[in-house]
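**Student:** Residues per chain, in single letters:
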Amino acid sequence: MDELGRSLRSFGLDPERVFEALRRGDISGILDSLEKEENMLRLRSVEMADLREQLLALAEEGKRRLKDEILDEEMEMLSAAGQEPKNIP
Amino acid sequence: MKSLEVFPSILLIGQFSKLSGLSCRMLRFYAEQNILVPAFTDPATGYRHYLASQLTEAKLLRHLRQADFSLDDIAAVLNGLETAQWEGCIAAQRGSIAQKIASLEMALEELERIEKHRGPEDCVLARVLPMRVLSAPLAGERMRLREMARSEVKRLCGSNGGSGPLFCFYDLRTGPVRATLCIPTEEPAGEILPGGLLAASLHRGPYEAIPATLERLLAWVKQNKYTTNGRVLECYFPCGEEERPHGRVEIAVSLDEAALAAR
Numbered sequence: 001m002d003e004l005g006r007s008l009r010s011f012g013l014d015p016e017r018v019f020e021a022l023r024r025g026d027i028s029g030i031l032d033s034l035e036k037e038e039n040m041l042r043l044r045s046v047e048m049a050d051l052r053e054q055l056l057a058l059a060e061e062g063k064r065r066l067k068d069e070i071l072d073e074e075m076e077m078l079s080a081a082g083q084e085p086k087n088i089p
Numbered sequence: 001m002k003s004l005e006v007f008p009s010i011l012l013i014g015q016f017s018k019l020s021g022l023s024c025r026m027l028r029f030y031a032e033q034n035i036l037v038p039a040f041t042d043p044a045t046g047y048r049h050y051l052a053s054q055l056t057e058a059k060l061l062r063h064l065r066q067a068d069f070s071l072d073d074i075a076a077v078l079n080g081l082e083t084a085q086w087e088g089c090i091a092a093q094r095g096s097i098a099q100k101i102a103s104l105e106m107a108l109e110e111l112e113r114i115e116k117h118r119g120p121e122d123c124v125l126a127r128v129l130p131m132r133v134l135s136a137p138l139a140g141e142r143m144r145l146r147e148m149a150r151s152e153v154k155r156l157c158g159s160n161g162g163s164g165p166l167f168c169f170y171d172l173r174t175g176p177v178r179a180t181l182c183i184p185t186e187e188p189a190g191e192i193l194p195g196g197l198l199a200a201s202l203h204r205g206p207y208e209a210i211p212a213t214l215e216r217l218l219a220w221v222k223q224n225k226y227t228t229n230g231r232v233l234e235c236y237f238p239c240g241e242e243e244r245p246h247g248r249v250e251i252a253v254s255l256d257e258a259a260l261a262a263r
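If you're matching them up, the sequences are chains A and B in order.
Heads up: the first sequence begins at 1 in our numbering, then just goes up one per residue.
Heads up: the second sequence begins at 1 in our numbering, then just goes up one per residue.
There's no promise every hint is true.
[As the list claims (entries may be wrong)] Below 25 Å or equal to it, Euclidean Cα-Cα: the simulated SDA-like pairs (lysine to any residue) are:
hint : chain 1 : residue 1 : chain 2 : residue 2
1    : A       : 36        : B       : 116
2    : B       : 116       : A       : 7
3    : B       : 222       : B       : 191
4    : B       : 18        : A       : 64
5    : B       : 100       : B       : 60
[As the list claims (entries may be wrong)] Chain A regions said to be covered by chain B (calculated; three or more residues, Cβ under 8 Å):
hint : region
6    : 2-10
7    : 39-50
Since the hints were derived computationally from the structure, they do not count as laboratory data.
Please read these numbers as outputs of a predicted model, since none were measured by experiment.
All residues carry an ideal CB built from backbone N, CA and C; glycine is no exception.
So that you can see chain A by itself, here it is in the shape it has in the complex (with noise of 0.2 Å):
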């Protein structure tokens, strides 16, 4: 029961409202439940997806930026030799 219970709680169901409807032999509210907790895994991959997209962008913006960066200290180094860096636009 307490590994029952414990897997109820994991989705948000309160144990103790289901063993009284289960007593009651009332199934039906507590699989509508359920369902939509499936739905919301649905929701949760889309959601993921998402996630994992806006990730991709921030590590190329990042990789963009620290090459950028890299840039910038080899002009200034360039510049502090004296020398005209050739292809600044």
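Use these hints to put chain B onto chain A, whose structure you have.
**Tutor:** Chain B only, in chain A's frame:
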């Protein structure tokens, strides 16, 4: 007075996405679920058009998701609820979140138990029945025991010989440098490996850490006031782990049943 932003009255999905903070993917999903549906779709181009006023709906939807409301509840809220229903919905969601928190707290407690009690509790008592085996002596370093056992099996049984369980046993005093390999067999030529009561533990991880698992097992035996007759048994898992640098090995020590009976 703060000036209010003015939006175009009709927005394409990209614009609506930018202004609402919901991705196009999410907007399509919510439309499929009949939760946030475009005001109209151009039949010629298939472009979805949203009304600016739907931004308020999108904003509410985002807040509901942040409060972890389910799709069904979001649909119910967006379709409009009476005050009493709204209050019921909030109370139910509060209850659901509280149950999930309780479940996560239990997971944390379990994690703490796992962290604290690693080792001796992993041991079990097992009775092994006498079995007919082919045996061969193995001598060498501890680290090569498994490898030697495998090649010996191939020598004795051919290349398909390694599909069953494979045992090595040795005496605690001499250690694995002098071990005996046992392969279960149906052949009458095989000898009988006596059965008995074992204290066993499943080693998981690098093979060089097997002695540490054996030590923990012996500590468990001592802690539970059993006595061992000094025989150690290693059972290698049959397939798929030959080439891996780590894996699972059952480590067992044979228990002195006479001492156990006298307890």
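**Student:** Are the hints correct? Go through all of them and say.
**Tutor:** Hint by hint, here is what the structure shows:
1. About 37 Å separates the Cα atoms of residue 36 of chain A and residue 116 of chain B, which puts this hinted pair outside 25 Å; it is violated.
2. In summary, the hint linking residue 116 of chain B to residue 7 of chain A is supported, as the alpha carbons are separated by about 24 Å, within the 25 Å threshold.
3. Restraint check: the Cα-Cα separation between residue 222 of chain B and residue 191 of chain B comes to about 31 Å, which exceeds 25 Å; the hinted pair is violated.
4. Among the hinted pairs, residue 18 of chain B with residue 64 of chain A is consistent with the structure: their alpha-carbon atoms are about 23 Å apart, no more than 25 Å.
5. This hinted pair checks out: residue 100 of chain B and residue 60 of chain B have alpha carbons roughly 23 Å apart, not beyond 25 Å.
6. Counting residues of the region 2-10 of chain A whose beta-carbon sits less than 8 Å from any beta-carbon of chain B gives 4, enough to reach three: the coverage restraint holds.
7. By the rule of at least three residues with a Cβ nearer than 8 Å to a Cβ of chain B, the coverage given for the region 39-50 of chain A holds, with 8 such residues.
Violated hints, in rising order: 1 and 3; the structure is consistent with all others.
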